[in-house]
Amino acid sequence: MNLSDVARKSKIIITCGPGGIGKTTCAAALGLAIARSSDRRVLVVTVDPARRLADALGLSGIGNDASRVELDGPGQLSVAMLDTKASWDALIRAHAPDAATTQRILDNTLYQNITGRFIQSHDYIAMERLHEFVDMGLYDLIVVDTPPTRNALDFLDAPSRMADFFSSRLLRWLIAPAKGGVMGLAAKPFNSIADRILGGPFVSDITEFFLLLNTMYAGFVERARMVERLLGEESTSFVVVSTLEAVPVSEASFFVEELERRKLHVRGWILNRVLPSSISNPDLAAAVTALSSADLTELAGELGVDDQSLGRVRDALVDNATSWSTLARKEVSQTIELARGSVALYPIPTLDGEISELAGLSRLGDVLINVPAVLRS
Amino acid sequence: MGVAPLRDRRLIFVTGKGGVGKTTIAAGLAKALSDEGRSVLLCSIDERRDLADVFSVPPLKFQPTRVNAKLSLMAMDTEAALREYLRIYLKLPIVGRIGPVAAAFDFVATAAPGVREILTIGKVCYEVRERRYDTVVVDSPSTGHITGYLAAPQAIQQLVRVGMIRSQSDWMLSMLSDEQTTGVVVVTTAEEMPVNETLELLGAIRSDTTTHVATIIVNRVLADLFVARDAALVQRLAASRHAPFNSSHLDGLFDAATLAGERRAVASRHLEVLRAGLPSDMPVVIQPFLFDVSSPHSIVSHVASSLAEEIA
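Here the protein sequences line up with chains W and S, keeping their order.
Each residue of the first sequence is one higher than the one before, starting from 1 at the first, in my numbering.
Each residue of the second sequence is one higher than the one before, starting from 378 at the first, in my numbering.
Think of the hints as simulated: they come from the structure by calculation, not from any bench.
Ideal Cβ positions, reconstructed from N, Cα and C, are used throughout, including at glycine.
Where hints are given, some of them may not hold.
As the list claims (entries may be wrong) - Which residues of chain W face chain S? A partial, calculated answer using Cβ under 10 angstroms: (1) L110; (2) P147; (3) P276; (4) I279; (5) L291; (6) D319; (7) W324; (8) A328.
To be verified - Coverage of chain S stretches by chain W, computed from C-beta distances (three or more under 8 angstroms per stretch; other residues unrestricted): (9) 570–577; (10) 627–640.
This is chain W alone, in the form it adopts within the complex (with noise of 0.2 angstroms):
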C-alpha cells in the first residue's frame, strides 16, 4: 500500500494540516508524481504557494485558471492558483437572475468588504471552485491544498453554513422590513437593536445586501449541498500533512478526528521531513558518549592539527548530535504512538535544502507516492 494506490482509487484528494510544514509542496509533488507515472490528467489547486514552489511550476503571478505544467511522463499537470475575490464575483456573475442585480451586488459595499477579506469565504470558494473543476470534466484526479485553517476544518463546513445562511430565519428577518407585512413585525427588535448600535444607515445597507443575496438563494443552496456531497465520496480521498513536531502533529491528529467523525475517507497521513534513521539510531548516543570521553592528542597529531582545535571540534559534533538524536529519538516513539490509530502513515524523510526546481519536487514526489504505509501495529 502506498500513495499511488490511493491516487489510483481517487478523482479528488484533498491534503490538510496546519501551516508550515510542507503541506502546499507535498500537494504539488503528488500531483507531478501522479502526472508523471500514469497517463492521467491532474490538476493541483492551491492557495498560495511560496514563490519558490510557483516558480518550480512555472506559474507566473496569480491566475485563476489552470495552466499546464511542462513534463517529461505521460500524464498531463495543470496548476490552479485560488484568487478568492474573482471566483466570488464569478459565482456571483453565475448565479444573480440578471445583469442589473449582478452590478448592484458587485457594488456593494458590503460585498468588497466580505469577499476581499474574509476568512470564511476563502474557505467557501475554496470549495465551489473545486465543484467548478470537476464538473470541467477536464481532469481525471483533482489535487486539493486547503487553506491552513487552524481552527477545526472551516472549509469543509462552508458549504452546509452558506447554504444553512440563506435559509435562516435571520436572513429573513433582515430582508422582511423590506418586503413588509407579517415578517416586518417579528423583525422589529431585531432591527431597533441594530440600529441603536449600528446606526440606521447601515442596517440598511445590510438589508439591501441580504435581499441581493437572496435572489440567488437556489443556486447558492444547491451548489454548496452539491459540494457537501462530492467530498463524501468514496473516490474523494483526505490526506492530513504533518511533520513529527508536538504542536502540528497534535494539530494534524485533531484534523484525523474531525475529518473521521464526518465520515470522510481518511486515506493517509504524510510525516513530512523525518529525521534520518543514522541519527534516531538508539547506538549512535553510546557511541558519542564514548566519543566525548576519547583521548584525541593521537589523531591530533596524524592531522598535524592542534589538540585544543580538535577537541573543540568534537565538543561542537558531539552537542550537535546529541540533540538531534534526541530530537529523532522523539520521532521514532511518536511515529509508533501514531501507527497505533486507524490513518495509514507515510514517513517521508527530510531532504536536503530546499525544493527550488521541479526536478527537486519531482523527487519529493517519487518519494511520496512510493514510500511504502506504515500501517496499524
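Model the placement of chain S on the given structure of chain W, informed by the hints.
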C-alpha cells in the same frame, strides 16, 4: 520622546504565519512580563488547546482563568463579547431575551466576520481602557488576517456613519494608533514563506492600519555549529573517519552536522532577506532553536527567560 520599549506597551498583538510558533512566543512574552511583576491578561483569539496546556489550566473561556496572581488567560468568544457589550452599553438586563438576537448576530459574524473582528478588537481595547491589567497580550490571528482586525475600527467608520459603534470606534482607533500604548510583534522563522509574509505584513500594517510594529521575533534559529576555520577540519574528519571517529554508529554524528549546516545555511539566507527588507531601526530578536522541548511549559519558560533580556 522615544518610542516606549515593548515591555511598557499596554496592548501587544503577537502575530505571525501559521506554524512559526506564534502562540509559544505570545505565552513566553506574557510569562516574561508577569514574572517582572506586571499584571498580564493573555487573550487567545483563535483558541486552541495548547495555551491551556502550556499553563496547565482547564480549557480557556471568555471569563479569564487565573494562572497566578499576575497572569490571567482568556479565549475570545465573539458571542460572549457581544453579550457583554449589550449588557454594558445598552443595559439590556435579561440575557435570555436577547438570546435569539445574539444567535442572529453570531450568524452574521460567521457569514461576514467583519462583525467578529470589531467585537474582538473592541473587547481587547476595552480591557486596556478598564486598566484591570497592566498589559494585554493578544495571541492574534495569523499574518493573513491580522490587518483585518487592526483595521476593523476604520472599516466600521467607512461602513457605519452614525450610531453608537461609530463613536466607539473613535477611541479604539486612537488607542491602536498610539505607539506608546500599542505594538505589534511579528513572529517569523528563517524560512521563505514566513519571511515573505512578514515583509508583506509590515507593508500592509503601514498602509491599511494606524498601528505600529514594535518588534520582529525570529523563532527557532539554529546557531552556527563551527567557526569558519573549524569547518574544514570537520570535513577532514568526515572524509577520513580516523579513530576515535571510526565507529559506524557515528554516521549520525556527521549526518547531524551536515543537517545542521544545511539548515543553518538556508536560515542565514532567509535572515538576510528579512534584514534587507526591514526598516533599519526595526528591532529584531533572535529566539534560538530549542532542542530540549520536553513539555510545552518548558518551551515557554525558555522563551520567557530569553525574551526577558531582549524586550527592553
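Against the structure, the hints come out as follows:
For W/L110, the interface hint holds, since its Cβ comes within 10 angstroms of a Cβ in chain S; the closest pair sits about 7 angstroms apart. Hint status for W/P147 relative to chain S: holds, with the closest Cβ pair at about 9 angstroms, below 10 angstroms. A distance limit of 10 angstroms between C-beta atoms decides the matter here; for W/P276 the minimum to chain S is near 6 angstroms, and the interface restraint holds. For W/I279, the interface hint holds, since its Cβ comes within 10 angstroms of a Cβ in chain S; the closest pair sits about 4 angstroms apart.
For the restraint placing W/L291 at the interface with chain S, the shortest Cβ-Cβ distance is roughly 6 angstroms, inside the 10 angstroms limit, so the hint holds. Of the supplied interface hints, the one on W/D319 holds, with its beta-carbon coming within about 9 angstroms of a beta-carbon of chain S, less than 10 angstroms. Taken as an interface hint, W/W324 checks out: its beta carbon lies about 4 angstroms from the nearest beta carbon of chain S, inside 10 angstroms. Checking W/A328 against chain S: minimum C-beta separation of about 8 angstroms stays under 10 angstroms; hint holds.
Only residues whose beta carbon comes within less than 8 angstroms of a beta carbon in chain W count, and the stretch 570–577 of chain S has 3; three or more means the coverage holds. Judged by the Cβ-Cβ criterion of 8 angstroms, the stretch 627–640 of chain S is covered by chain W as claimed, because 11 of its residues qualify and three suffice.
Checked against the numbered hints listed earlier, the structure breaks none of them; every hint is satisfied.
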